[in-house]
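Following the hints, put chains B, C and D in place on chain A, whose structure we already have.
Protein chains: 4
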Amino acid sequence: MTNEQYDIQNDSPQEKCGVFGIFSNKTGSDVASQAYLSLYALQHRGQESCGIAVCNEGLMQYHSDLGLVPDVFSKETLEKLGKGNMAIGHVRYSPIDQKSRSNAQPLVVRHIKGAMAIAHNGSLTNAAELREKLQMEGTVFHTTNDTEIIINIVTKKRIHTNTIENAIEKAMYEIQGAYSLLIMSPTKLIAIRDSFGFRPLCMGNLNGDIVFASESCALDSIGAEFVRDIEPGEIVVADKNGVRGIKTHCGQKSSMCVFEFIYFARPDSVIQNASVHNARLRAGEFLAEEHPVDADVVVGAPDSGLDAALGYSRKSKIPYGIGFIKNRYIGRTFIQPTQEERDKAVRIKLNTIEATIKDKKVVLIDDSIIRGTTMRRIVKLLRETGAKEVHLRIASPPFINPCYFGTDIPNRENLISYKLNKTEIRDYLSVDSIGFLSIEHVSKIAENANCGFCNGCFTGNYPIPEPQAAPKSKYDQKIGEN
Amino acid sequence: MTNEQYDIQNDSPQEKCGVFGIFSNKTGSDVASQAYLSLYALQHRGQESCGIAVCNEGLMQYHSDLGLVPDVFSKETLEKLGKGNMAIGHVRYSPIDQKSRSNAQPLVVRHIKGAMAIAHNGSLTNAAELREKLQMEGTVFHTTNDTEIIINIVTKKRIHTNTIENAIEKAMYEIQGAYSLLIMSPTKLIAIRDSFGFRPLCMGNLNGDIVFASESCALDSIGAEFVRDIEPGEIVVADKNGVRGIKTHCGQKSSMCVFEFIYFARPDSVIQNASVHNARLRAGEFLAEEHPVDADVVVGAPDSGLDAALGYSRKSKIPYGIGFIKNRYIGRTFIQPTQEERDKAVRIKLNTIEATIKDKKVVLIDDSIIRGTTMRRIVKLLRETGAKEVHLRIASPPFINPCYFGTDIPNRENLISYKLNKTEIRDYLSVDSIGFLSIEHVSKIAENANCGFCNGCFTGNYPIPEPQAAPKSKYDQKIGEN
Amino acid sequence: MTNEQYDIQNDSPQEKCGVFGIFSNKTGSDVASQAYLSLYALQHRGQESCGIAVCNEGLMQYHSDLGLVPDVFSKETLEKLGKGNMAIGHVRYSPIDQKSRSNAQPLVVRHIKGAMAIAHNGSLTNAAELREKLQMEGTVFHTTNDTEIIINIVTKKRIHTNTIENAIEKAMYEIQGAYSLLIMSPTKLIAIRDSFGFRPLCMGNLNGDIVFASESCALDSIGAEFVRDIEPGEIVVADKNGVRGIKTHCGQKSSMCVFEFIYFARPDSVIQNASVHNARLRAGEFLAEEHPVDADVVVGAPDSGLDAALGYSRKSKIPYGIGFIKNRYIGRTFIQPTQEERDKAVRIKLNTIEATIKDKKVVLIDDSIIRGTTMRRIVKLLRETGAKEVHLRIASPPFINPCYFGTDIPNRENLISYKLNKTEIRDYLSVDSIGFLSIEHVSKIAENANCGFCNGCFTGNYPIPEPQAAPKSKYDQKIGEN
Amino acid sequence: MTNEQYDIQNDSPQEKCGVFGIFSNKTGSDVASQAYLSLYALQHRGQESCGIAVCNEGLMQYHSDLGLVPDVFSKETLEKLGKGNMAIGHVRYSPIDQKSRSNAQPLVVRHIKGAMAIAHNGSLTNAAELREKLQMEGTVFHTTNDTEIIINIVTKKRIHTNTIENAIEKAMYEIQGAYSLLIMSPTKLIAIRDSFGFRPLCMGNLNGDIVFASESCALDSIGAEFVRDIEPGEIVVADKNGVRGIKTHCGQKSSMCVFEFIYFARPDSVIQNASVHNARLRAGEFLAEEHPVDADVVVGAPDSGLDAALGYSRKSKIPYGIGFIKNRYIGRTFIQPTQEERDKAVRIKLNTIEATIKDKKVVLIDDSIIRGTTMRRIVKLLRETGAKEVHLRIASPPFINPCYFGTDIPNRENLISYKLNKTEIRDYLSVDSIGFLSIEHVSKIAENANCGFCNGCFTGNYPIPEPQAAPKSKYDQKIGEN
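Residue numbers (the working numbering), protein chains in the order written: chain A, 141 to 622; chain B, 141 to 622; chain C, 141 to 622; chain D, 141 to 622.
Think of the hints as simulated: they come from the structure by calculation, not from any bench.
Just so we're clear, the structure is a prediction, and the values are computed from it rather than from any experiment.
Take the hints with a grain of salt, since some may be wrong.
No farther apart than 20 Å at their CA atoms in a straight line, the calculated lysine to aspartate or glutamate pairs in the DMTMM-like style are these [unchecked claim]:
| id | chain 1 | residue 1 | chain 2 | residue 2 |
| --- | --- | --- | --- | --- |
| 1 | D | Lys253 | C | Glu272 |
| 2 | B | Lys273 | A | Glu277 |
| 3 | A | Lys520 | D | Glu365 |
| 4 | D | Lys498 | A | Glu365 |
| 5 | C | Lys501 | C | Asp567 |
The shape of chain A in the complex, shown without the other chains (with noise of 0.2 Å):
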């Protein structure tokens, strides 16, 4: 898909956060600063609210705040945030009728031994059912984030547990479905994967002191080195004494999500010891493999195909060609044009580059598709400009089934790969021919990847079942902030 579509509709499959950590041995350290970098280099993994804790021998500082890293913190309320020993950060997405400030993270509370903060990037399957269950016990809830049913039931193993840890490992039989998560407590700095590793999760070192990130993009952004993946099911803590691994629950087949590779990571990132750039390129190859067309070009969707069109181009021997320019200073700010203006003319933020495109039969390359409104206009530029042939290629299976691990998918009717067959894809698309990279092939792109993969939005075969809703009382969760 491509980020076009960012401004004109929301119409691509989101990822639902990332997080960040550091511990540092050292007190004083301007540990926010680090989190702030870190949280640019993972902005792509949410841009709704982002937020960072500083922990200070015990005391903890947080700010949190709808909008990007940059809107968010400024010079002044990092300074305010202060010097610490441990800090974790987190940037969310979420769908737009849960915008709202409370639901930012870290997620920073008192309990019965002091204070605590999570950062939390997945989404649990028996949320409901918890939910339900911490209600009758006289539980408040003051967000709609699966994070506060994980904090309320830590916290109440924490109460019969000498550590922290334990209390998380207690709490890990009750709560199911995808998390990496940090906690922070006034000591300990504590990394959590789920057993299945849907969600990415990496350790690495700055200078000997201790960080993690949902992607290894962040550790380069910082100049820390990267140390290892955090196992599936592993809880890893670092404090005073060092790092040490719990792995009570690991040992579970894993299952990564495969479109972190497609579409959610950085290009620039490696995970399960497997390149993103390079997952995209084979995705490009193989689908050169599967779906040749004699063209005279490959152009790739901007920024989301540009990877996988090199592949292609390369399997293919087709010159891959630079069709598009996006204009870099469209902001969140832009005035969206009328519907006429939008009729007749798209490309303000995205114009194609017409000596690419004139007279050639054009390979058009993006990483998926999802209700197909942004492509059917990408389409329809190709073909004002002069293109002779639009071939459309998807560098991943088609689209049919929801995500329960972390990730926002449309509804299945509004899924272009779930309401049409091929044929009129093609046709609502208007291109010459359409072909998307089988089953198979997606499994293989992350060559070397030391892990499992979830492929369940593109199969239906989910590693564990389908969440439950669970009965609601009649007001439940009708709160709206603004």
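Chains B, C and D alone, transformed into the frame defined by chain A:
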């Protein structure tokens, strides 16, 4: 004290909060706007943060933030809150070290029975014990507000009661201290006042809609008619069946904060049947009886001393004069002058009118004196303007004890009347004479008031025991939000 | 008139500007901060835009914008202006249809002799003719300010004169009308006042630095000593050789705007040797003599009628009362109530104090009455609060003529005293009686003032001919800036 | 050069401006929105300030400010500009020391014939002489723009001519240098290009409305059809009678800035009949011919080197690779890392893709090199990522001379190619080899272009004499606006 000091130094006891609520029989009412206008009228009760929660057929929308009412609410924000049949609003002051967006109210949560919103004016005396107990049971706290304690206790009672008002009734046996509360459930708006009636809370009628407010001036502001004060200990429930009072906790000897009449409340409010303006006039009259002086003019420190100055003038027959002019354009963004500029010229925010002062024997009236720093500057101004004599008269007794009932009084160490005797104060302020209102008279200023008074800040005699600090976990509450 | 009306409706004559200047013998002085603080004190003379220009050894830095002083200037902006040895500042009001950033002053330009900055309070009566003539010679205008006309004429004279003060001296033969000017060249600060002395302008001394200001309250605000008023027609030059006056244009019979004493100037200012506060007290006293009434209490419309109300009370022996309370938190961002809300409740910004009003015969005092719309609402408020009788007394004569000398009076069609006779006004406002100050008395309010007065707005007798509209080119001045 | 450096250091030649204009036969057209959308497409030509002036039946409304298009214009601002039948818009870059709101364009003034608005791209070579002459005649300048000189000269001519186009025609005999101008009178929109055609300016058709723009990409953005380039020296007048060209100043040998093709213009623009994208591909191809090398992959510095990298790859048959990923969320509010952080981690804004670079012999392509500081960091990044060899190829000749024609090139002392010889540059940048495009080839990159080129920045051969600094008055232009 003068308002002047708001900016120069925080040199006044601060009322902590104001609350407003409306229950309309008409769905789709613009209850948010009514709340907005009323919060303007209550802004003097809290300038740190404010918020409004609207309930529309069970669905609650809320918005709150740090800042004054016009800063927090824009036309757009109000529109997002939407129409509804109920709303509650809150303005809040808090000590600088608790300045935090998460402490802004109304607090809106979900529990077993759906959503609940709460707005609170007051302070619990057993908050520490209650918090400890709740935490021992696994409760997670998101704020440092006493309000969150109340909401947790009410929720725990709610599991075993048929109605929210019964849960509140039971909870009132456990919470001690000062509280005027508004609680909004999906179908009811409930007003509660503690048994001592420390803080004011009244009910009004706006074309058939029921409104509650901390002060009657808020009713005036929206054109509502005053109906009556909520009784100390009373629970008033407004729902589609009408309004009814539950008086289980009524009957206690009441103990209204006398400082509401001296300084906190707006002069145009009527509280417990007594006019605030008249109370201040009477304070001035008593003061003239107790501490007469031979002088040419009586001037009030703006704006807090103006009413009492007029009373003093009337009783003493010394002419009332306008001695000061405040610059009404000085706002919060004012850039502080340097110390040097300040020493030579405090006349930026406040200037004297030479025609009133020069070569005159001046009686200067203010409502109270806390630290004395601002008063010292004002006296210096009068001297520089050519006053022959300056006789300070304070329309309340010396302030020497802490308050535990919802105001923010500085530590004893900062109270000038605690540190210095009357002669020392006179010398520190460089006045020719000083006189305070007697404790006997202070209880009589609110003529016709149908309540008893708490004057613990002057006498140390409190109607309920002073709070005991509870044992805290090492890291308890060590959280700051920016 | 009441300030209340600023927001509800623009229902008052508006002073158009205030100016401030400082010449320091010390280079590297913080002249920008002195200007900033002084503009605060002059803010009542203009709230639309403001600006400061600093001169540091010939290099001028300036900043101006639409907005109040605290909105336009931040700590950062002041720092960017830097240190220097001279500064001039300006606050400006202008009719809504000329609201434009390019009209903000000081106007800073380059000409043959380098840079020049100018700040202007007043209005030329031959502006149209001068502009036409300059345009015929090829002059390009960037603003619609009269100020730009002055600067072009001075510049043209400057080519043929040795000094800027000579150029100004020559220019003054051509420009007619009201002007109090500050002109800053790279080495000199020059204060100029027109021959009639319509607008005030005074000189002060701040530890040896020379300061000029529209009103003495600005001197007080920075701790400067008052030295003297600039004489009508005088050119005062401050440079490294000291201060000297050029009196070529002096000697005319002066014609100070009497409305400065009635409403425009701050009560703590002293103008032409007369206290503004005392002038208003005297206006009240004269009013009590001219229009006595049997009543219980005298209240002033806040804040404009307070001084005169006190004077009326003193003379009549009827007690002075505090009848109104203004909400001091109402700011510019206030969201307007709907018409319905407005009709039933104007008490958001202004409320009555029932204890003062109810069952009383009230004398209501204001300084003047323009449209009458706001006064009508205030009277309605008094009636609703239970006033038995309302007797309106206005501390100036009826307003029936336009002003051409630097104030912004509505068209005659909007002047209630032009449209209606006294009985009709009484009925329109629903008062029991009405009385205006006589023209004989208005000229005597400023006791000891060492000047003559212009009372053209009451009498139609102007000291110089009314301006003739000049022929305009078809598209002249049809420019709006947003 | 890379865009990366915009933030790190201002390390690129800067185009100074872009212009847009529209003349509609329909009154009440939304010409402001057309200008707004087009300025987005021209934003790369100037990021300091922007503005739009709308003409509605002779009445001009304008708005301009410092900032990017989406910052300066909101929905509200555009609505205030209103509908009309003509508009001109402008984006501007300027050296940091002239950053001033008063220099923002369009410049809108009043003169003898009414209002006039002007937008200007370029730079006059005899500006100092003209300014001096005008000042000697008594002209006052409000800005430091050359544009104000043009407007004064045109105005002076206008007194003695029948039409504005005649005045412009006469003025063009006096002004020398580079200028692409749009001038809007109350009834006409006029486009002018200097005789050498230094800067581009083209005409389009939008459903019968006439549009002018610096680049064709602006026409695409609003769906307008390209009609033709304005000829060097041509004056094109659009009014209700249609469009006509005045060619008195045409016929000169043209001298288009070749840097428009190398870097300034957007790759999707077509200028003087030549595709900008193709010109850059050809530059890469020529570079491969001139400076071949044995390597594994060709990568472009993002985004400025991408087109040429693809050309180099095609010609050399060395595979094209995606070597870098830019963080697209880095905005203007980015908080600078400390020097320490910077040294160890430049990967916040730009990261390498290890899969492309590691263990490879890399050809790195960029369009030009100015100071070399950013390039040095990029090379360091490649080394750290494991590149075996780095061969730098620059798609233009060494930059060694100043430009007087409307770009902002640093002083010679800052040009790396002026200071160092090729070997020294190679060593400074730590590359294994370096190659620049030859001067012979640079003139051939724009295949089919129907114009001559200025390559003075590479050769020192300028089509018109270099400007002579004029004698200045001591304080001339010493004004800064904040």
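Requested in this report: Provide an ascending list of the numbers of those earlier hints which the structure does not satisfy.
Outcome: none
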